[in-house]
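Chemist: Sequence:
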Amino acid sequence: MRVLAAMSGGVDSAVAAARAVEAGHDVVGVHLALSTAPGALRTGSRGCCSREDADDARRAADVLGIPFYVWDFADRFKEDVIDEFVDAYAEGQTPNPCLTCNEKIKFAALADKAIALGFDALATGHYARLENGELRRAVDDDKDQSYVLAVLDHAQLSRAMFPCGDTPKPQIREEAARRGLSVADKPDSHDICFIPTGDTRAFLGARIGIRPGAVVDADSGERLAEHEGVHGFTIGQRKGLGIEAPAPDGKPRYVTGIDPESGTVTVGSAEHLQVWSIEAGRAVWTSGQVPDGPVDCVVQVRAHGGLAPARATPVVRDGEARIDIELSEPLTGVARGQAAVLYLPDESAGDLVIGSGRIIRTSSLARV
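Be aware that the sequence shown starts at 49, since it is given in the numbering used here, and climbs by one per residue.
There may be inaccurate statements among the hints.
With a straight-line Cα cutoff of 27 angstroms, these simulated DSSO-like cross-link-like pairs (lysine-lysine) come out [stated by the list, open to error]:
1) Lys234 <-> Lys191
2) Lys217 <-> Lys234
3) Lys299 <-> Lys287
4) Lys217 <-> Lys191
5) Lys234 <-> Lys287
6) Lys152 <-> Lys126
7) Lys161 <-> Lys126
By construction, these hints were calculated from the structure, which means they are not laboratory data.
Start from the sequences and build out the full structure, keeping to the hints where you can.
Modeler: In structure tokens:
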């Protein structure tokens, strides 16, 4: 089988490529150039897509004895990932750019080009497992990336390979060292790859500009502070609210609502954060088949944490395939723009991903 191995320059993708070679596949390595200024996108463990990363990927390919290329996807990445990220924050959402990158770049633009060139599959270093075409959590719970892969549909999963998903990360590093790969001890990238400083608020402010608004109390409606834009806030945020005086009851305040039209950021107690139902759009059912009724499952609303038992019902609303999710217990910190990923628990084989959708709205009322 001809396999295109996406090589980011990190240890995971290098070992994934190595395992594909060892399995007997005809492997070609490719590094995606996603930045128009690659020299500026790595600061230690922050950022990616730098010349350093491209060189590391090339050296790994040389050790493996496979052809290697660099493909320029910078314009597509800016349009589909960075611009969408900025626009979503301007609309009061909290997007996850890794979801968008997987959906539109790695498993759409890149995979489509690979198939057009005659490759049969795309191998990446993601921590997840594919068994009989079904997406499951990785063996290493701490590194599991099934959440950011749940946007992939059945056709995309059918031509994907995740060779690292059955191995804990420390063993991946040990394997890389045994194979003579110089990236064995390279630090993992953290935060958002295209914001190497880690200062998301400054990055967004430079692109969105000042859009003043008010921070108001959820109960009294009292105006507590002024701000320069809703892009500086996310649901569940506790610090950096600009409020001088503590709440009358002395309890912490959290961001509980964001209205991009009026510029109003609402803050309240932890109780105000509780969510009992979720509506998600851009629905994807990873089997390729839409369930014919409600499904009992576990929903995850953040890349790490935010899980609760739920019942998910496929619906069509406003001409779009959506999912109505009723929680058996409340979740907090549920933000519009994030994904709601649905799992079927399976202790023996790892949780099975059955679907996902982007969170459109939430409700604090439990339906009876």
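Chemist: Confirm or reject each hint.
Modeler: The hints, checked one at a time:
1. Lys234 <-> Lys191: Answer holds: Lys234 to Lys191 is near 16 angstroms, not above 27 angstroms.
2. Lys217 <-> Lys234: Distance ~12 angstroms between Lys217 and Lys234 Cα, so the pair holds.
3. Lys299 <-> Lys287: Within the cut-off at roughly 13 angstroms; holds.
4. Lys217 <-> Lys191: Distance ~7 angstroms between Lys217 and Lys191 Cα, so the pair holds.
5. Lys234 <-> Lys287: violated, 32 angstroms
6. Lys152 <-> Lys126: holds, 11 angstroms
7. Lys161 <-> Lys126: Status holds; Cα separation ~18 angstroms.
Checked against the numbered hints listed earlier, the structure breaks hint 5 alone; every other hint is satisfied.
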